[in-house]
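In order, the protein sequences belong to chains U and B.
So the number in my numbering is just where the residue sits in the first sequence, counting from 1, plus 512.
So the number in my numbering is just where the residue sits in the second sequence, counting from 1, plus 524.
Worth flagging that the hints you see were computed from the coordinates, not collected in a lab.
If you're wondering where the values come from, they're calculated on a predicted model, not measured in any experiment.
Warning: the hint list may mix true and false statements.
Claimed, not checked - In silico DSS-like pairs for lysine-lysine, Cα to Cα no more than 27 Å straight-line: (1) B:870 / B:895; (2) B:786 / B:845; (3) U:636 / B:895; (4) U:632 / B:781; (5) B:571 / U:620.
This is what each chain is made of:
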Amino acid sequence: MDFMTSFLAAAVVAGTPLLFATLGEIITERAGNLNLGVEGMMLMGAVIGFKIGLITGNPILALLAAMFAGGMGALIFAILTISLRANQVVSGLALTIFGTGFSAFIGKDLVGQVTPNAIKLFFKPLEIPGLANIPILGKALFSQDLFIYLGYLTAIILGIYLYKTRKGLNLIAVGENPGAADAASINITLYKYAHVLLGGALCGLGGVYLSLVYVPAWQENVTAGRGWIAVALVIFAAWNPFKALIGAYLFGGMDIIGFRIQGTGFPISQYFIDMLPYLVTIMVLVVVSMRKSRKNAPPKGLGVPYFREER
Amino acid sequence: MKKALSLFFVLLLVMSIIITGCSQPAKEEPKKEEPKQEEKASEQKIKVGFVYVGPIGDGGWTYAHNEGRKYLEEKLGVETIIKESVPESQEAEKVLNDMIDQGANVIFTTSFGFMDYTEKVAKANPDVKFLHCSGYKQLDNMSNYFGRIYEARYLSGIVAGLKTQTDVLGYVAAFEIPEVVRGINAFTLGVRSVNPDAVVKVVWTHTWYDPAKEKEAAKALLDDGADVIAQHQDTPGPQQAAEEKGVWSIGYNTDMKEMAPKAYMTAPIWNWGPYYVQQVKAVMDGTWKSTSVWEGMKDGIVELAPLTDVAPAEAKKAVEKVKADIISGKEKIFVGPIKDQTGAVKVQDGVVMTDEELLSVDWFVEGVEGKIK
């Protein structure tokens, strides 16, 4: 593999946990709920998924467990913000702290454990015949493990769901103007709960990819701040699952490009590369706010609790 | 009504987190030491506090310190209290005061960033003994201690140099500070003492603790032709990269055999236990004095982990021999002639680098491929 291919392949791997977390947060925010607990939900998914994977040796069960754990984290947030209408920012931050502690607690006896071979084998890179022969991109995109393909699939399905189905349209309405959506007899509470939970489950998947497949061993705080990058990525992707696909791999690439550039001796400071993802996010924010395009704006109802009585 | 209820729930959640966060019951304000205690100091029960910068679950730096703590408990039967993941900020001061409130009279602070806070609390509590790891400040009741891990790194370089087939070795390094640079230099000198053609490629990650990122950095080195990975990071991420690629690795901090059984050969490791026992024993006997300790293999603070079957057969003998020389003081490691990356002689023939020079080293020896800054 030449420099470019191996770099792109590594960028896709590095971007995958970001992709799941970003998709989860997009779906959550589309329902009008700003959940800053991404990091916490990722860690909850990472530890529970890893533990179940270690006990059962079954990759499917591990993934389901991770989704369940992420979803449970989101449920705490959902009860607080949807039913009790608590402040979303505070609840999300509390969830992050809770998730971090929870994963450290559950993971106490997992430290130093390695992913069982059965699961490692299941997530071995598989080439997709035909597609893998596309020059440069083929090897990077289509010679990966099943989890990464699941990432493509999830992003595409969510994109279609959001923009091409009636339910997706309803969801956008809930996020933009819950009052109007309510008047159109959309069940606001149900929509919010369903999508906040789905978002949490996706964050859990992002976390378990790190612990079970990427690293692949249990390390406390394995996410190391990726949940926060995902929150920034949602803005970068303008709440669009398709753009999240591009954004996640771009950020994944920026995260690791420094290591490869250092090897070539190209004169650029690693410190500069370290700040690239944040620089890009700021630039996108500036550009978006200058263009004032409705399409790239956040859902109007984002962060505002919905009171039917105050409609 | 609902608003009030929700506020209550959020508060409840936050409070429960705060309470569970402090694993030890903590009092709100540090009380002044009562003068009575001073008189009874000698009969006082010894309670040892440990302040960690990371989680014990890091399987690395903090894990090694905690192993030392467990060794101390086992040997002397003293009571110990710990606090994990303490930020290197004002928070450390609070944690220290909390520990003193709980009756700790010997406290180990195990990260460089705790130095100033340890000093401040030490000044306010002259009866409590403080031991700070990896710093340079010293008071009558505050020692500093650290180990010459570079000695073990030199030995691990010998193993790596004998193993490599491509003559390219990869080194995943955290930050451009003397401690790390010194380790890379020692490793490279070790490699080239047995394999003069080999080069050591360095990649900086700018993180101490990010398993995925550190693994990725190792992968970049492997794609660049390296077939042995060494690391100055606190997680075993790089070990996993070597394992997956089917090549070899040198760990750090603790024995990392479990993490990468097919790749791992050995590791420079910390062995704090004997030092902790020695110091606490001195406190118990009333013979404790503030010291500044920078010791190596001679005192057993640093060691080379046992070589695995993956390590080359001839390595064991070579390592044993050099290890004996290091302990006897015959092998000083940083002895001239040492050339820098440009090939210019930096240390003259026969000259030994002083501790001051070692503690502020900011250049790579010949054979390192990489830049500082």
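For this session: Please write out, lowest number first, the hints stated earlier that are contradicted by the structure.
Result: 3
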